[in-house]
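Student: Residues per chain are reported as follows:
Number of protein chains: 2
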Amino acid sequence: MITGKNYIGKDKRGASGKTFKTFNPLANSENKILFSEASDKEIDEAVALAWEAFQEYRNTSGADKSIFLNAIADEIEALGDILIETYCSESGLAPGRAMGERGRTLFQLRSFADLVKEGDWVEVSIDTAQPKREPIPKPDIRKMMIPLGPVVVFGASNFPLAYSTAGGDTAAALAAGCPVVVKSHPMHAGTGELIASAIIRAAERTGMPNGVFSNLNSSGIEVGVRLVQHPGIKAVGFTGSIAGGRALYDLAAKRKEPIPVFAEMGSVNPVVFLPEALKKRGGSLAATYASSVTLGVGQFCTNPGLLLGIKGKSLDHFIEKLAEAIVEIEPGCMLHPNIIGAYEANKSKALSQEGIEMVSQYTNELQVNYARQAVTRVEGLTFLQNTTLHQEVFGPFTMVVQCDDKAQLEAIVQSLEGQLTGTLIAEDHELSGYGGVIDALKNRVGRIIYNGVPTGVEVCPSMVHGGPYPASTDSRFTAVGIHSIKRWIRPFSYQDWPNQLLPDALKNENPLGITRLVNNVLTKDGI
Amino acid sequence: MITGKNYIGKDKRGASGKTFKTFNPLANSENKILFSEASDKEIDEAVALAWEAFQEYRNTSGADKSIFLNAIADEIEALGDILIETYCSESGLAPGRAMGERGRTLFQLRSFADLVKEGDWVEVSIDTAQPKREPIPKPDIRKMMIPLGPVVVFGASNFPLAYSTAGGDTAAALAAGCPVVVKSHPMHAGTGELIASAIIRAAERTGMPNGVFSNLNSSGIEVGVRLVQHPGIKAVGFTGSIAGGRALYDLAAKRKEPIPVFAEMGSVNPVVFLPEALKKRGGSLAATYASSVTLGVGQFCTNPGLLLGIKGKSLDHFIEKLAEAIVEIEPGCMLHPNIIGAYEANKSKALSQEGIEMVSQYTNELQVNYARQAVTRVEGLTFLQNTTLHQEVFGPFTMVVQCDDKAQLEAIVQSLEGQLTGTLIAEDHELSGYGGVIDALKNRVGRIIYNGVPTGVEVCPSMVHGGPYPASTDSRFTAVGIHSIKRWIRPFSYQDWPNQLLPDALKNENPLGITRLVNNVLTKDGI
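Protein sequences appear in the order of chains A and B.
Residue numbers for the first sequence follow the working numbering, beginning at 509 and rising by one.
Residue numbers for the second sequence follow the working numbering, beginning at 509 and rising by one.
FYI, nobody ran anything at the bench for these hints, they're computed from the structure.
Incorrect hints may have been included.
Identical chains share a label here; the pair holds if one copy fits it or two copies do between them.
Unchecked claim - Here are the simulated SDA-like pairs of lysine to any residue, each with C-alpha atoms no more than 20 Å apart in a straight line: (1) K764 <-> T895; (2) K764 <-> N894; (3) K821 <-> E832; (4) K625 <-> A571; (5) K1032 <-> I1022; (6) K950 <-> N1007; (7) K762 <-> G752; (8) K914 <-> Q563; (9) K819 <-> I864; (10) K1015 <-> Y958; (11) K950 <-> K1015; (12) K640 <-> N1027; (13) K625 <-> D582; (14) K646 <-> G960; (15) K1032 <-> D622; (16) K914 <-> N951; (17) K994 <-> L1025; (18) K994 <-> P969; (19) K625 <-> M653; (20) K950 <-> R566; (21) K950 <-> E765.
Please construct the entire structure, taking both the sequences and the accompanying hints into account.
Tutor: Here is the structure:
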């Protein structure tokens, strides 16, 4: 049942008197439930409880954390249809998408469960003592990863499940041993509460300390600001706009004790089309990219918003076919009136720039909150000279840049801000002529794709979802895949510590049977 | 030969007209050579050249980087006596210390040479394609670590070799594939130039791109500020004071594109003495700690500046013996008049606080720039209530806190800021009674030591030199040991990339023979 309350650990509270509702963009009306914005006292209590829980949870075994994470997945599955219905009513997205995203969320939780059960993720390194070394004895030093402390996670508007309450940030932090306080996204507060209730049930059922998870509502920025500034919070995870992520980063950097913020933010995900590929496959590429641009109504951080090619008949033909294909796609409902409002405003801003041309936009009548997909084009020089055109238009929008030549194409790629992805569309035999372009693209992105589309972020160990700023605030980490746990951990050394007092991961006999670097050699052997 | 010039890659420049000299604290006089402060133009040129060099150097093989790093070590060794003489004349430290630090520096360089030659450090993960997976095919995704870009390294006053021009930060960055621009420490600019000349010679001899290393002089903060703000700089390494490190962190966080700053800063390195150990070994512990406090004239970041015990006869006896032992040690010359000036000022500030008592200070006559080692004591409650007493007094100074009981001891440990190290002195059988104290200590530090001293930072894979703020600005990394390379790298994914265009580390046939995570299993096998 959705109560509209905040979850301070297992307690439900709503004392602030400030309330808000979520919105159903398909029905174009508010949903009924009143959500209570977290009060300052409730925020402080949630963090205090998280800190208390951390003292126990940081020492919880991998096996027990694994049981907890799997229980969260089970409890989410057990929510059944109400979760899908609530999700759809708060996002305008279709049930199929909701179910797919639920599957991804469960997979993420279970992947982290496997990771911590297996145990290698703590990256043990052991250097044994050399008491007779000259001129001074070498001590015994053993290192492993430990959790940072309570983490605040900000839910994302565009992924109510996979990047929100029990999404990748939360799953990674809980796997690491960090309690989580979620600042629930106001657009899907009901979905968030359902998931929160599942996490709390899983925590109680598996004997986790109360406060290992809390869920706080808010319709504005105040709750998030207070959380990020709170001395009991030791790291922040965020998925959303550049403005939002940068604001949190700045708050965290100004604290007396600065804390790491991993914000996954905007990206236009440039796609470079080489001439031979366009010549040979322009038509099918147009169809593929019309789909990719409009997938999820363009509401993906990996949406291809910038298509780069060299002028000529093949590019003209591609643009024509792309424009034809994109207007034939049935428009979709965006997440919220604010989202479609921003889409229209950003599109208008782009179109008000000199030299940009609308090639095609869906023109038939539309239901309210539905987005008109659009293809625009611009000359290479115009694009180079106007960085407003480099900015993301979040939604089913793309811009084709018609470069004069290879040199201009390379210059444009070099001029781009940091990106989550870069894609190269090419015939194998033409690659050797474009080394400069490819190198420039590699410099600007976290993931580079060959003859594919950037949408679709596979959840696997090799995935990098992140990239140079402003794709993320710290390119040294990924937000997707099991290695995203590295955002919430720090190395810790024990020197000459008694074996019986060491954590199991570091004990001589290797009771966990994990892979360890012992005197610089990887082994599962004991010492 | 020391020219006093800035090294912009292999070119020597000194156009600013602003000069300064280094100081010999033993002779209490300026050294003769005039050093030219880097001009804005020289700074910009060094960064531009570093960026240019990066385009080649980031693709330089591990084998070639290994040759380069070993050549740097060889060239430093080949400098011979002039390096030791210059070092001593600019620091007041003894030749033995200079030679020991040179050995450590060479060892670090050669350790990183081994690391990149071996190649596993790029942390390869490969998930192979599943073209028939339902509902959508799984792409081939391959991840490895790549360098961030040009790094600025700030030399440390207290380690003219091991944490300066070719110290750990530089060695790690060059190993990672990042060009380095050093902001040379003004107190040992001559030592810095000698090392810079060795690095440049090594780069030329081994065919590295010009600009892979530059060395800039400055006596004030302007050069460092401009470097950290420069868009061509992608990360910063610093060892020094909290004020200095925080200032650089703030500058980097305010950039349009924020960049990571790893600053290793202050620490008082708390040592907890449990009662039974004090009772049994108080005398020998006093002697050991008198040595540790005065080692290197107290000019180590791991200097034990805070000794915690529970009131009683044993603690009284320990304090008495420590005071006796410490004044018997021959005082040493500090690095610079500014350093001894700060030592005296910080000591006076501490001693001006209510309730602190000087137990013993060296009182005989001293040569100028020599430091009087001191032992002070204070009551637990006084310490808890006055955070001024928590601040580091950089030099041969320590403070014994006399706690009322175990609860107050734990409260004091909890009240401490982040620390590089924490040390526990105990008899094995009394440990079980102090779980709360030990847990609190673990929460505050990067390395915990049992029955030892915090001074002496072993260079090995298991070392953590770093810790919660303000010990460092990012506790997720270590500044010492081969894993310090992780500060300067980021993960990068290739999706469906043609095998022949992949870096060797990711190619099917595993031509480098490195250990890789293939479909989540560690292996050296090809695919």
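Student: Under a CA distance limit of 20 Å, which applies to K1032 and D622: within one copy, between copies, both, or neither?
Tutor: Classified as within: same-chain Cα gap 18 Å, cross-chain 23 Å, threshold 20 Å.
Student: For K821 vs E832, is the C-alpha pair at or below 20 Å within one copy, between two copies, both, or neither?
Tutor: Close inside one copy (16 Å), not across copies (90 Å); limit 20 Å.
Student: Given identical chains, is K625 near D582, meaning Cα to Cα at most 20 Å, within a copy, between copies, both, or neither?
Tutor: Result: close within a single copy only, 17 Å intra versus 46 Å inter.
Student: Could you figure out if K950 and R566 sit no more than 20 Å apart (CA to CA) within one copy, between two copies, both or neither?
Tutor: between (38 Å within a copy, 11 Å between copies)
Student: How do K764 and T895 come out at 20 Å by Cα distance, when the copy is not named: within, between, both, or neither?
Tutor: between (35 Å within a copy, 14 Å between copies)
Student: If the cut is 20 Å between Cα atoms, do K819 and I864 qualify within a copy, between copies, both or neither?
Tutor: within (15 Å within a copy, 78 Å between copies)
Student: Pop the pair K950 and N1007 into one bin, within, between, both or neither, using alpha-carbon distances up to 20 Å.
Tutor: between (46 Å within a copy, 16 Å between copies)
Student: When Cα atoms must be at most 20 Å apart, do K950 and K1015 count as within-copy, between-copy, both, or neither?
Tutor: between (42 Å within a copy, 17 Å between copies)
Student: Treating 20 Å as the Cα threshold, decide for K994 and P969: within, between, both or neither.
Tutor: Result: close both inside a copy and across copies, 12 Å intra and 18 Å inter.
Student: Since the copies are identical, ignore which copy is meant and state whether K762 and G752 lie within 20 Å (CA to CA) inside a copy, between copies, both or neither.
Tutor: Close inside one copy (16 Å) and across copies (15 Å); limit 20 Å.
Student: Tell me, please, which holds for K625 and M653 at an alpha-carbon limit of 20 Å: within, between, both or neither?
Tutor: within (15 Å within a copy, 25 Å between copies)
Student: When no copy is named, should K914 and Q563 be tagged within, between, both, or neither for a Cα gap of at most 20 Å?
Tutor: Result: close only across copies, 18 Å inter versus 58 Å intra.
In terms of the numbered hints stated before, the structure departs from none.
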